[in-house]
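Number of protein chains: 2
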Amino acid sequence: MADEAPFQFLHNEVIQYIYKSADSGETENGRNISRLENMGFRVGQGLIERLTKDTARFKDELDVMKFICKDFWTCVFKKQIDNLRTNHQGIYVLQDNKFRLLGQLSAGKQYLEQAPKYLAFTCGLVRGALSNLGVKSIVTAEVSIMPACKFQVMIQKT
Amino acid sequence: MADEAPFQFLHNEVIQYIYKSADSGETENGRNISRLENMGFRVGQGLIERLTKDTARFKDELDVMKFICKDFWTCVFKKQIDNLRTNHQGIYVLQDNKFRLLGQLSAGKQYLEQAPKYLAFTCGLVRGALSNLGVKSIVTAEVSIMPACKFQVMIQKT
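Heads up: the sequence lines are chains V and Z, in that order. Sequential numbering from 58 applies to the first sequence in the working numbering. Sequential numbering from 58 applies to the second sequence in the working numbering.
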């Protein structure tokens with residue numbers, strides 16, 4: 058239970074720190090989101106490198122996504138993604154019914170507008186992990202009722 | 058092995074972020090150290106609250122310190138403190154022979170001057186945890202050969 062707590066608490070502090078040191082304007086909010094996303098990107102790159110050290114080569118894109126949903130997610134959030142869907146044309150939707158980084162906000166719709174800053178880091182995390190596996194992507198997140206959350210991964214063909 | 062990795066990578070990113078956004082002057086370095094220490098303080102407060110939720114009341118100060126060395130340290134760093142010493146007059150020295158947050162720097166003396174910024178967060182972490190258990194303290198850290206590290210806790214009598 059307390060296993061992922063240090064990470065979770067530190068993640069909250071990072072958000073506080075970044076938001077405290079800046080103005081509250083619209084532009085600045087966008088910049089803060091990018092800052093969090095960039096941090097996540099680099100953490101994702103580092104983590105995936107360590108996690109895939111001894112794994113076999115991935116068969117295809119879907120195989121990579123399954124690894125993200127299982128091993129990668131478990132390493133960071135101590136649970137797997139609950140549902141993975143794809144249109145088989147480069148779009149994947151990862152659904153987490155109880156996303157840990159939203160766990161400290163009240164469930165329901167009350168704090169929905171606070172959600173983006175709690176998701177930006179994780180969007181970067183997934184993008185960074187995929188990027189180090191040679192998959193370029195755009196990752197966005199969507200919440201309709203906390204603490205459930207969907208991450209949409211759009212693969213960028215080169 | 059990879060269990061503490063998300064926390065460790067995020068911790069590194071936080072240091073990069075704080076140091077990147079500021080000048081490199083002496084005063085600024087001191088301020089960055091405080092920033093990290095403060096973050097650690099709040100994380101320590103949150104963590105200890107969660108960890109002690111179901112534990113019995115502590116007998117005395119030494120009992121509290123043992124909890125920090127075992128349960129608290131294991132929660133954050135996946136290992137216990139290797140050695141705890143005290144002069145029985147309010148000074149405790151916690152020695153970690155393989156401190157995780159120094160693990161990504163080369164062992165030995167080469168990067169010694171980089172060590173303080175990798176220790177500040179943890180000093181705050183211990184101070185925050187103790188503070189929430191009603192023990193006021195000053196926590197400093199000392200490295201002679203990486204990745205071994207000593208944390209000195211001076212209890213402040215009120």
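Honestly, the hints are just simulated from the structure, not real lab data. Accuracy of the hints is not assured; some may be wrong.
Copies of one chain are not kept apart here, so a pair can be met inside one copy or by any two copies together.
Only pairs whose alpha carbons sit at most 25 Å apart, straight line, appear in this in silico DSS-like list of lysine-lysine [as the list claims (entries may be wrong)]:
id	residue 1	residue 2
1	Lys-166	Lys-127
2	Lys-174	Lys-77
3	Lys-110	Lys-155
4	Lys-110	Lys-136
5	Lys-135	Lys-110
6	Lys-136	Lys-77
7	Lys-214	Lys-155
8	Lys-174	Lys-155
9	Lys-127	Lys-77
10	Lys-135	Lys-214
11	Lys-116	Lys-214
12	Lys-110	Lys-207
13	Lys-123	Lys-135
Owing to the predicted nature of the structure, the values given are computational and were not obtained by experimental measurement.
Tested hints:
1. Lys-166 - Lys-127: neither (28 Å within a copy, 40 Å between copies)
2. Lys-174 - Lys-77: This pair counts as both: shortest intra-copy Cα distance 13 Å, inter-copy 21 Å.
3. Lys-110 - Lys-155: Result: close only across copies, 22 Å inter versus 29 Å intra.
4. Lys-110 - Lys-136: Both, since 21 Å and 23 Å are each at most 25 Å.
5. Lys-135 - Lys-110: This pair counts as both: shortest intra-copy Cα distance 20 Å, inter-copy 21 Å.
6. Lys-136 - Lys-77: Neither: 31 Å inside a chain and 33 Å across chains, both beyond 25 Å.
7. Lys-214 - Lys-155: neither (31 Å within a copy, 44 Å between copies)
8. Lys-174 - Lys-155: within (17 Å within a copy, 34 Å between copies)
9. Lys-127 - Lys-77: This pair counts as neither: shortest intra-copy Cα distance 34 Å, inter-copy 34 Å.
10. Lys-135 - Lys-214: neither (31 Å within a copy, 40 Å between copies)
11. Lys-116 - Lys-214: For Lys-116 and Lys-214, only the intra-copy Cα distance (17 Å) is at most 25 Å; the inter-copy one is 62 Å.
12. Lys-110 - Lys-207: Neither. Shortest intra-copy (28 Å) and inter-copy (32 Å) distances fail the 25 Å Cα cut-off.
13. Lys-123 - Lys-135: The answer is within: 16 Å in one copy meets 25 Å, while 27 Å across copies does not.
Violated hints for the displayed structure, listed by number in ascending order: 1, 6, 7, 9, 10, 12.
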